[in-house]
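J.: Given the structure of chain A, go ahead and fit chain B onto it with the hints provided.
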Amino acid sequence: DVKVTQSSRYLVKRTGEKVFLECVQDMDHENMFWYRQDPGLGLRLIYFSYDVKMKEKGDIPEGYSVSREKKERFSLILESASTNQTSMYLCASSRTGTGGLAKNIQYFGAGTRLSVL
Amino acid sequence: KNEVEQSPQNLTAQEGEFITINCSYSVGISALHWLQQHPGGGIVSLFMLSSGKKKHGRLIATINIQEKHSSLHITASHPRDSAVYICAVSPYSGGGADGLTFGKGTHLIIQP
Numbered sequence: 001d002v003k004v005t006q007s008s009r010y011l012v013k014r015t016g017e018k019v020f021l022e023c024v025q026d027m028d029h030e031n032m033f034w035y036r037q038d039p040g041l042g043l044r045l046i047y048f049s050y051d052v053k054m055k056e057k058g059d060i061p062e063g064y065s066v067s068r069e070k071k072e073r074f075s076l077i078l079e080s081a082s083t084n085q086t087s088m089y090l091c092a093s094s095r096t097g098t099g100g101l102a103k104n105i106q107y108f109g110a111g112t113r114l115s116v117l
Numbered sequence: 001k002n003e004v005e006q007s008p009q010n011l012t013a014q015e016g017e018f019i020t021i022n023c024s025y026s027v028g029i030s031a032l033h034w035l036q037q038h039p040g041g042g043i044v045s046l047f048m049l050s051s052g053k054k055k056h057g058r059l060i061a062t063i064n065i066q067e068k069h070s071s072l073h074i075t076a077s078h079p080r081d082s083a084v085y086i087c088a089v090s091p092y093s094g095g096g097a098d099g100l101t102f103g104k105g106t107h108l109i110i111q112p
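Chains as they are written, first to last, in the working numbering: chain A, 1 to 117; chain B, 1 to 112.
So here's chain A without its partners, still in its complex pose:
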């Protein structure tokens, strides 16, 4: 089974702190994603990566950056945490394929609930 592991389930940080959220997948997937989930807004894409050292902005990248130094690991960085970044953060991965639709299936981690005080 595909496993996507997020380093923390719950995290409490102070305003202005630099925050790292880590995600590791064990299925050699090329693509990795970071989403945030807020009540009434659903999941929104922050950043994604389709290869090592490659990154693309999603719908709401402001205030975030990412790092992908190794294929299995995708990190989300909050450079200076703010209270409006209190949210549930979900990591996902998928494979790249040339045929069929299975490449579209994304596998999610359990989520990190971040509170910024």
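No lab work stands behind these hints, which were simulated from the structure alone.
Take the hints with a grain of salt, since some may be wrong.
[To be verified] Computed cross-link-like contacts, BS3-like style, restricted to lysine-lysine with a CA-CA straight-line distance of at most 30 Å: (1) A:K70 / A:K57; (2) B:K104 / A:K3; (3) B:K68 / A:K53; (4) B:K68 / A:K57; (5) B:K55 / A:K3; (6) A:K57 / B:K55; (7) B:K1 / A:K57; (8) B:K104 / B:K68; (9) B:K1 / A:K71; (10) B:K1 / A:K55; (11) A:K13 / B:K104; (12) A:K13 / B:K68; (13) B:K1 / B:K104; (14) A:K55 / B:K54; (15) A:K3 / B:K54.
T.: Just chain B now, kept in the frame of chain A:
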């Protein structure tokens, strides 16, 4: 950008009832996903479909590409089906690297 609308937002039903959750989207897609999220956060994929109908146990998903509409049905609903059900779409793209666009979810409660 695709707009994904789900209805209803909240649904409470009695055990055994037939449940329908609807999803519509605004722009052509390569695939539509139905996801389930239980309290605690973890999201699992229930279905991915690009045409027709799929069935898994008591769950059935259908899609009408021309009308840009999909439905998720649960037959003989059970309290363990209580969860948030999320519709998401994959854009047309070359290799599946693009992120999904999500509906806001349907919070389903099945009462015994």
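J.: Between K1 (chain B) and K57 (chain A), is the straight-line Cα distance small enough, at 30 Å or below?
T.: Holds, because 14 Å separates the two Cα atoms, which is no more than 30 Å.
J.: K57 (chain A) and K55 (chain B): Cα distance at most 30 Å?
T.: 35 Å, violated
J.: Given the proposed pairing of K70 (chain A) with K57 (chain A), does the C-alpha separation stay at or below 30 Å?
T.: 19 Å, holds
J.: Are the Cα positions of K13 (chain A) and K104 (chain B) separated by 30 Å at most?
T.: Roughly 27 Å separates the two Cα atoms, so the pair holds.
J.: Keeping to a limit of 30 Å between CA atoms, is the pair of K55 (chain A) and K54 (chain B) held or broken?
T.: 34 Å, violated
J.: Within 30 Å, alpha carbon to alpha carbon, are K104 (chain B) and K68 (chain B)?
T.: 17 Å, holds
J.: Take the C-alpha atoms of K55 (chain B) and K3 (chain A), compute the straight-line distance between them, and say whether it is at most 30 Å.
T.: 25 Å, holds
J.: So if I understand the rule, the pair passes when the alpha-carbon distance is 30 Å or less; does K68 (chain B) with K53 (chain A) pass?
T.: Roughly 36 Å separates the two Cα atoms, so the pair is violated.
J.: Between K68 (chain B) and K57 (chain A), is the straight-line Cα distance small enough, at 30 Å or below?
T.: 27 Å, holds
J.: Given the hint that K1 (chain B) pairs with K104 (chain B), does the C-alpha gap stay at or below 30 Å?
T.: OK: K1 (chain B) and K104 (chain B) at ~15 Å, within 30 Å.
J.: Is the hinted pair K1 (chain B) and K55 (chain A) satisfied, with a Cα-Cα distance of at most 30 Å?
T.: 20 Å, holds
J.: Compare the distance between the alpha carbons of K1 (chain B) and K71 (chain A) with 30 Å, and conclude whether the hinted pair is satisfied.
T.: Since the Cα atoms of K1 (chain B) and K71 (chain A) sit roughly 28 Å apart, the hinted pair holds (cutoff 30 Å).
Violated hints for the displayed structure, listed by number in ascending order: 3, 6, 12 and 14.
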